[in-house]
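Protein chains: 2
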Amino acid sequence: MDLVGLMEGKRGVIEAALERYLPDDGHVLTQAMRYSLFAPGKRLRPIFAILAYEAAGGKEADEILPAACALEYVHTFTLIHDDLPSMDDDDFRRGKPSNHKVFGEGLAILAGDALMIDGLGLVAQSTAPAELVRRALAEFSRILGAGGVTRGQVDDLYGVEVDPKFLRHVHLRKTALFISFSMWVGALLAGASEEVLGLLGRAGVFAGMGFQIRDDILDVTGSREELGKTTGKDEAEGKLTYPALYGLQRSQHIAEGYARRARRIFAELGSAWSRLVDLTDYLIDRRR
Amino acid sequence: MDLVGLMEGKRGVIEAALERYLPDDGHVLTQAMRYSLFAPGKRLRPIFAILAYEAAGGKEADEILPAACALEYVHTFTLIHDDLPSMDDDDFRRGKPSNHKVFGEGLAILAGDALMIDGLGLVAQSTAPAELVRRALAEFSRILGAGGVTRGQVDDLYGVEVDPKFLRHVHLRKTALFISFSMWVGALLAGASEEVLGLLGRAGVFAGMGFQIRDDILDVTGSREELGKTTGKDEAEGKLTYPALYGLQRSQHIAEGYARRARRIFAELGSAWSRLVDLTDYLIDRRR
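So the protein lines, in turn, are chains A and B.
Okay, so the first sequence: first residue is 5 according to this note's numbering, each after it adds one.
Okay, so the second sequence: first residue is 5 according to this note's numbering, each after it adds one.
I should point out that these hints are in silico values taken from the structure, not numbers from a laboratory.
A portion of the hints provided could be inaccurate.
Any copy will do: because identical chains look the same in the list, a pair fits if it lies in one copy or spans two.
[Said to hold, decoys possible] For lysine-lysine, the following DSBU-like pairs were computed, each having C-alpha atoms within a straight-line distance of at most 35 Å:
# : residue 1 : residue 2
1 : 169       : 243
2 : 243       : 105
3 : 63        : 105
4 : 105       : 233
5 : 100       : 237
6 : 105       : 237
7 : 46        : 169
Quantities reported herein were computed from a predicted structural model and do not represent experimental measurements.
Model the full structure from these sequences, guided by the hints.
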């Protein structure tokens with residue numbers, strides 16, 4: 005099956021699972037959570053997790069689906085909070101008004117909180133061996149918390165340094181480590197060896213850096229209609245990005261370099277990992 | 005040892021552990037987290053967890069201390085977010101300006117997020133058997149998320165019904181279930197039986213309801229100097245509280261009724277649980 009068809013199939017499974025995990029019970033908190041969770045999204049992180057789980061030999065939906073969906077919960081949490089007026093102050097996301105534009109700031113903050121908390125709870129629902137689940141949760145927290153994604157967001161908002169090293173640091177914390185974790189946790193829950201996990205962690209960071217640089221590029225070249233969020237904002241705000249630092253062409257070149265390094269590791273892992281190669285190629289060529 | 009001395013000793017252990025888990029690394033995010041985490045607090049939830057762990061026969065600090073401290077992380081997260089202008093809009097907490105008054109809204113939200121995420125990660129650090137840790141995390145999320153504390157905060161902010169049943173519901177979700185969870189998780193990590201855990205869950209809810217009603221009473225009778233937070237606010241805002249609904253005397257009477265029911269269960273559990281009886285008495289007699 006080609007990658008597009010494969011991704012579509014996985015997306016269907018993920019959407020159905022999300023619907024089971026967060027049905028509409030009529031409560032305004034649930035509605036605020038669902039508004040952002042079910043806005044059209046690529047579901048990249050859960051797809052990464054499922055593909056890595058399958059490549060590592062996993063076969064039980066109940067082991068991986070809760071953790072895969074948790075990645076989408078938590079990704080949505082970061083989007084809702086990042087868009088708040090006191091942070092990036094974005095009015096559009098995933099083709100719709102941002103959560104706080106519809107539900108107000110207080111409820112948007114709480115909807116994000118609940119997605120975060122319930123997301124971690126979903127990981128704990130995985131039927132994989134308890135020691136693997138415990139480890140998944142410890143790592144989840146490490147990647148997302150004060151040393152990870154949250155610190156990346158603080159540095160992005162309040163950081164003062166403007167050099168390539170700092171930019172790499174922010175991209176790494178805000179995006180690449182979370183993408184990497186998505187693959188890593190899939191393989192972990194399938195019982196992958198430490199060696200595979202180590203290689204995968206590195207491949208994921210390379211793929212994630214490529215993904216984020218492509219995101220920077222699309223912010224310059226894409227339209228709001230295509231991307232479903234405010235574009236051109238990085239430049240208008242004089243934000244440090246790869247295109248701003250290196251120009252568009254060289255940025256794409258850097259993204260491709262990262263993708264190449266990721267592919268090399270997947271090749272080392274063997275033919276079971278070929279879908280991850282395809283997905284990595286997709287990441288740095290995508291138009292949205 | 006009397007209760008005051010016992011609590012002081014436990015508090016020392018907890019403060020030292022918190023200092024180890026969140027040392028000052030000079031980063032502004034860490035400083036915002038530490039500002040609220042190390043503001044003077046009673047550390048009631050960790051103390052509950054440790055006392056229940058010990059009463060249930062637990063003997064390893066590394067099994068309980070990370071989870072106990074996680075309760076304080078997460079409690080602090082709820083305080084920071086609840087105080088935000090878009091929610092309760094409180095300027096004082098624990099005797100100091102609220103987090104957002106010092107660090108700004110964006111950073112306050114992120115400091116809360118990081119305390120929540122790192123708190124759940126701390127639970128995953130417990131050296132108790134992995135299946136118990138997995139269950140602790142699943143329950144932690146259930147108590148705090150969209151069906152628990154977070155929903156309680158939404159209903160408190162946006163709820164329209166003003167009747168005793170609704171008030172009980174908010175107090176239960178916002179406070180009592182979390183207090184109850186604090187005891188429950190301590191006993192769980194010590195390997196307590198299902199029977200003990202079931203009884204303890206109920207006792208904890210009664211103790212927690214007593215605690216919250218006493219809180220409502222202190223909001224009327226206490227001063228900001230004593231409590232370290234804005235007082236008289238419930239009444240000024242026409243908020244539904246026990247004193248508003250029943251008057252001070254009858255409210256204290258209701259709190260004592262809850263405490264009595266908690267004590268009865270602790271007595272049923274046996275003499276090992278006598279410290280929890282003392283602590284419950286303290287909760288409904290305290291002046292701050």
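Going down the list of hints, with the structure as the test:
With identical chains, the CA atoms of residue 169 and residue 243 are at most 35 Å apart within one copy only, with a shortest distance of 15 Å there and 51 Å across copies. For the homomeric pair residue 243 and residue 105, the shortest alpha-carbon distances inside one copy (24 Å) and between copies (26 Å) are both at most 35 Å. Neither within a single protomer nor between protomers do residue 63 and residue 105 lie at most 35 Å apart by alpha-carbon distance, with minima of 41 Å and 51 Å respectively. Taking the closest pair of Cα atoms, residue 105 and residue 233 come within 35 Å of each other both inside a single copy (14 Å) and across two copies (31 Å).
Taking the shortest alpha-carbon separations for residue 100 and residue 237, only the intra-copy value of 17 Å comes in at or below 35 Å, while the best inter-copy value is 37 Å. With identical chains, the CA atoms of residue 105 and residue 237 are at most 35 Å apart both within one copy (18 Å) and between copies (28 Å). Taking the shortest alpha-carbon separations for residue 46 and residue 169, only the intra-copy value of 29 Å comes in at or below 35 Å, while the best inter-copy value is 43 Å.
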